[in-house]
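Input sequences plus hints: build the corresponding full structure.
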Amino acid sequence: MPTLFKPCIDLHHGAVKQIVGASLSDKNTALPDAVLRTNFVSSYPASHYASLYKQHNLTGSHVIKLGPGNDDAAREALSEWPHGLHVGGGINIDNAEYWLDEALAEKIIVTSWLFPQAKYNHDRLRQLAEKVGKDRIVVDVSCKVREGQWLVAMDKWQTLTDMTVNEESLRSLEEHCSEFLVHAADVEGLCKGIDEKLVTKLGEWCKIPVTYAGGGHAFSDLQLVENLSNGRVDLTFGSALDIFGGSGVKFEDCVKWNQKRS
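FYI, the numbering for the sequence shown is 1 to 262, going by my numbering.
Nothing false has been slipped in among the hints.
Below, computed lysine-lysine pairings styled on DSS-like, alpha-carbon distance capped at 30 angstroms: (1) Lys207 x Lys256; (2) Lys134 x Lys207; (3) Lys250 x Lys192; (4) Lys119 x Lys207; (5) Lys260 x Lys192; (6) Lys131 x Lys207; (7) Lys201 x Lys250; (8) Lys260 x Lys207; (9) Lys201 x Lys256; (10) Lys54 x Lys250; (11) Lys260 x Lys197; (12) Lys119 x Lys134; (13) Lys250 x Lys260; (14) Lys192 x Lys54; (15) Lys260 x Lys201; (16) Lys54 x Lys134; (17) Lys131 x Lys119; (18) Lys119 x Lys201; (19) Lys197 x Lys250; (20) Lys54 x Lys256; (21) Lys192 x Lys207; (22) Lys197 x Lys134; (23) Lys131 x Lys54; (24) Lys134 x Lys201.
The hints are simulated quantities; they were obtained by calculation from the structure and are not laboratory data. Just so you know, these numbers come straight off a predicted model, no measurement behind them.
Below is the structure:
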């Protein structure tokens, strides 16, 4: 099983951006030039990237709405590749069917809604799966390291929840979803290397597809993730990618990597 490149479209105030994950907060989403650390703001709309990913059949690409003001841009991206992209950010049981059946996402990505008052509610995930089908659900278990453990972080990675990312918790989530997305929030956007230990553990623990994001800075990280996870974990590049203003990774090389493994 090979590791594949899975691209992203991160939206902030309707624009495609690459942001240092740890700098996001509810306060500075309204003040993008204050505390928020932004690596890149694209002059192209979200639909441009959706078209690019469709052209190269980069399935499993994810559109993430970071805060309010991103629904229109997300819809434009999804309409460019109907049933080809995953969408996350503010997804709950009330709007899930809309994003799947009207906005035409292939899958929805859900985190914060599963954690009312930052406490995991398994019934919510079960009810969501009953409503839209587990095969159309991706659970985002993005996390931060605290005292040697990975704790799931919600609300744009600001709030730590009561869930530790481990084999037991992932097995419970797998009952009602088809895929995981894992942002290592501590290293997201820093381009200083992936969390190798986390990638290794995800390869050991996960029985369903999983995409890791955070810290990727060189094309060789694809081979590294493949080696660490025995090909069970896919990789997202963000700020290091040339299409997002980076210098560490060429989009063209990632496309060729996938083609050789398909």
